[in-house]
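Listed below, chain by chain, are the residues.
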Amino acid sequence: MNLKLDKQTCWLVGGVLALLLVSSLIGWLLSLRATTDEGKVTVRNLNARIRAWWMMVAVFGLAMATGGIGSIVLFALTSFLALREFITLTPTRSGDHRSLFWIFFIILPLQYYLIAIKWYGLFAIMIPVFAFLFIPIRSAMAGDCESFLERTAKIQWALMICVYCVSYVPALLSLDISGYAGQNGKLMFYFVLIAQISDVLQYAWGKMLGCHKIAPSVSPNKTWEGFIGGIASATLIGAGLWWATPFTPIQSAGMSFAITLMGFCGGLVMSAIKRDRGVKDYGNMIQGHGGVLDRIDSLCFAAPVFFHLTRFFFT
Amino acid sequence: MMKALFAAMAKFISGANAHWVGCEPNVRQRVYFANHTSNLDALVIWSALPPEVRALTRPVAARDYWIKSKLRRYLANNIFNAVLIERKKPTAHDNPLKDMLKALGDCHSLIIFPEGGRQTGTEIAPFKGGLFHLAKDRPDVEFVPVLLENLNRILPKGEFLPVPLMGSLSFGGPIKLEAGEDKNAFLERAQNAVKALQRK
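In order, the protein sequence lines correspond to chains A and B. Take the first sequence: its position 94, counting from 1, is numbered 94 in the working numbering, and each next residue is one higher. Take the second sequence: its position 58, counting from 1, is numbered 58 in the working numbering, and each next residue is one higher.
So that you can see chain B by itself, here it is in the shape it has in the complex (with noise of 0.2 Å):
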């Protein structure tokens, strides 16, 4: 109930038009990976899925943000069930990778932002390890790489009041790690999917 209200709400503020260019909604295991403008990103992707999907993809997000306040763990917890990871200082035992291959188990999906953190431009930065490692370990999850356009607009950075402005989102087709493909060829591939998406 408080789930699809939140997705609601999200599609309103967001005016988000999501479209479909390479693939169709589907409940099989898929990471949808995106660039990253605006603190909203993750929830309008969430709330572009329909429901059946919905439930079962989460977020995976930065743990120092999500933690600081009762309201965050709360929506973090309860509302996207997202996937806390450590972003500042990895370790052996503290392995965002590690808990990301655990959130995926066998049945659900994730959301991830391979940039890293939220940019300030229109530009997309290159793409983090972790992507990869997760292509390599998961060769049977459809990689599947998300535009969205115009959300820095709505929510900048550093902002917290929203601008009620339309954004767009594009789910492109799926790509998967190939055989002896390096790391940088993958990367590059998968930002170039993701730019791919942009209407012209």
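Chain A extracted, bound-state conformation (with noise of 0.2 Å):
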């Protein structure tokens, strides 16, 4: 596709390689420093998260340098292990098995093959309105009543989520703005860092001066003094980063507001389903982090906003 390693984008690599190695650096001094038990633990869980950092940055990166078709296949198998992680915790009866089989192996490829041929009016609607309708057809035919609108909106919610919103990271990749062709690749790496950075420093905020909680029901950790000092330095590091975007720097706050608040809301609202599940985490795929969904639930929110705001301003 139309992907090319040019200065901004070693800029913005070598940026994140650099903070990383100051992370595991800081993490390495934290591990010497610490000595209470309690401190142990959350430095230990700091630095499983600095290292799983480490293998995130390079898978993602591995993707970008084979250019749009890597990129889509990475976040296709995102979709597929968060669908999965999604649908283990949800119940499901037997009923629904060959529709679980269609969102799995169908719907799914499907929806990324449409983003690789850049076909936006049809990936646009595919999901809310033709596999809306499926569902429903195909549990139906299935024949099993029990709590059928339950389980036919969860599949759909499943599907929404990480599959629909997912898609919309690597659709980054097809918008034509002017003066920016073939250097999208750059936007979709601006994007998934803020979204990224907004959680990390949310939480660190958090750890360091955190105490007034936002929805302690929701999300113990989450307080106000995280939310309010994550989203204003990920907001100036977005605009510190306009240069590598079609944006201002003052356009470039403006999304990058947009970015990390989506982000915030989607941590919030997938704490919700898994406080509601009695789980922490959707899986343990990713050590220190949890599941793949527990990581990307800023970026399932925070996605198709940006697209649809980069799409209307700048296309």
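Read the hints as simulated data drawn from the structure, not as lab findings. One should not assume that every hint holds.
To be verified - Below, in silico cross-link-like pairs of lysine-lysine (DSS-like), each with a Cα-Cα straight-line distance of 27 Å or less:
| # | chain 1 | residue 1 | chain 2 | residue 2 |
| --- | --- | --- | --- | --- |
| 1 | B | K102 | A | K154 |
| 2 | A | K213 | A | K280 |
| 3 | B | K195 | A | K280 |
| 4 | B | K11 | B | K88 |
| 5 | B | K157 | B | K102 |
| 6 | A | K154 | B | K128 |
| 7 | B | K157 | B | K136 |
| 8 | B | K195 | B | K128 |
| 9 | B | K176 | B | K128 |
| 10 | B | K136 | B | K68 |
| 11 | A | K280 | B | K11 |
Treat the numbers as computed from the prediction; the structure is a model and nothing was measured.
Assembling the complex is the task here: the two chains are given apart, and the hints tell you how they should meet.
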């Protein structure tokens, strides 16, 4: 597709690697200084998270390096794993079996295929319209009416969050932005970077200063201090990265603000589901972070909004 | 080679996380007894074992099902090294217990599903008597309860296409036949040992 390694990409990649190096160093220093048992656990979790970040950055970098198709395959795989975690936690009945088979093996690949061929008109409506109608039809044909609406709604929700919303990340590559042709890879990098760094900064500010909880019954780790500090600093970083985007510094700040805000909301909503199901994490695939869905909850909510804002104002 | 491939595939499809709750993997002789909801069950337990244990462990399966096609026969004999037993009309000559005792020999372990068939819900049906007779004839063997969860959603009874959800399997602490324990008491204790592995 349309990715190339220009100077700005090198700066972005170099910046992320430098950041990881510094974090690893800080994590190592903290591990020497931790004395209390509780402190040791926190630091061990922090270091596991940093190690996982190295892995995730390596995978993401590799996907980007192979051009657009690599990114599409990576996010398709991410959707697959997230969907698997989500459906595992969701009570379904054997009457849903065929519908589930459809969403994993036909609708999911089809969505990413539509993204790959850049058919905006269809990838934007395939799941919200056609899959939306198809799932209850398929489940009704199976003939099990017990909790029919709940089961159908859960499958549709899983599909929207884990497939439709996530697929908006590689869909950024298909945007036709004037004066930015061939550089969309940077836009995707920028988006993922802001969304994830906002998570990290909210966590860091919350750990350092946090005391006023936002929604203790949903997510005990989310505090006003973490929220404000994280969003403000991530927005500043976003503004400072305007040179890699089609935006001016002010526009870039606005976009980053939207990304971080939606990312925060994504984390909150996905936490509410976890609390309801009585689990702490969606899975255990990523050391220190939990499951794939725990890591991408902010991306799920931010990606469609960022895509449509960019598409509306810049194409 | 083929065996390792099958094991890796089963792990991917079932996403199965093995929890060794009550014991550690070991090559000593054991009978793993589990609840049964899916055709994947034996495969999932078998593939969760470390390769050296797996090589000595034989799933016990219904002969009528596994000799129906060439592929099934190949899988049962060459991949899983299954012990095929008659479950419909056992006779003195064609006795599943004898077959299982013979299969245990002096180094093998078995995987059995004492409910006698696949269940459709999450309830565990009462166990059949074979487990008791095995325990009585082989007091030297450890009986390890195994609980399989979510596999009925991956491949429910009557379906042939698996959905890639995450299953889990838990291995509990071994039990043995107590002195003077009768058949019903032992079977009930065994069933409870499987139930007790349910994670909240």
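Against the structure, the hints come out as follows:
A threshold of 27 Å between alpha carbons decides the hint, and for B/K102 with A/K154 the separation of about 49 Å lies outside it, so the pair is violated. A distance of roughly 18 Å separates the Cα atoms of A/K213 and A/K280; the hinted pair therefore holds under the 27 Å criterion. Of the supplied pair hints, the one linking B/K195 and A/K280 holds, its CA atoms being roughly 23 Å apart against a limit of 27 Å. For the proposed pair B/K11 and B/K88, the alpha carbon gap of about 31 Å is over 27 Å, so the pair is violated.
With a C-alpha separation of about 30 Å, the suggested pair B/K157 and B/K102 falls outside the 27 Å cut-off, and the hint is violated. Restraint check for A/K154 and B/K128: not satisfied, since their Cα atoms lie roughly 38 Å apart, outside the 27 Å limit. At roughly 32 Å between alpha-carbon atoms, B/K157 and B/K136 are farther apart than 27 Å, so this suggested pair is violated. Taking the CA atoms of B/K195 and B/K128, the gap is about 16 Å. The hint holds against a cut of 27 Å.
Note on B/K176 and B/K128: the hinted pairing holds, with a Cα-Cα distance of about 16 Å set against a maximum of 27 Å. In summary, the hint linking B/K136 to B/K68 is not supported, as the alpha carbons are separated by about 33 Å, beyond the 27 Å threshold. At most 27 Å may separate the alpha-carbon atoms for a hinted pair to count; A/K280 and B/K11 meet this at roughly 23 Å.
Hint compliance for this structure: hints 1, 4, 5, 6, 7 and 10 are not met, and every other hint is.
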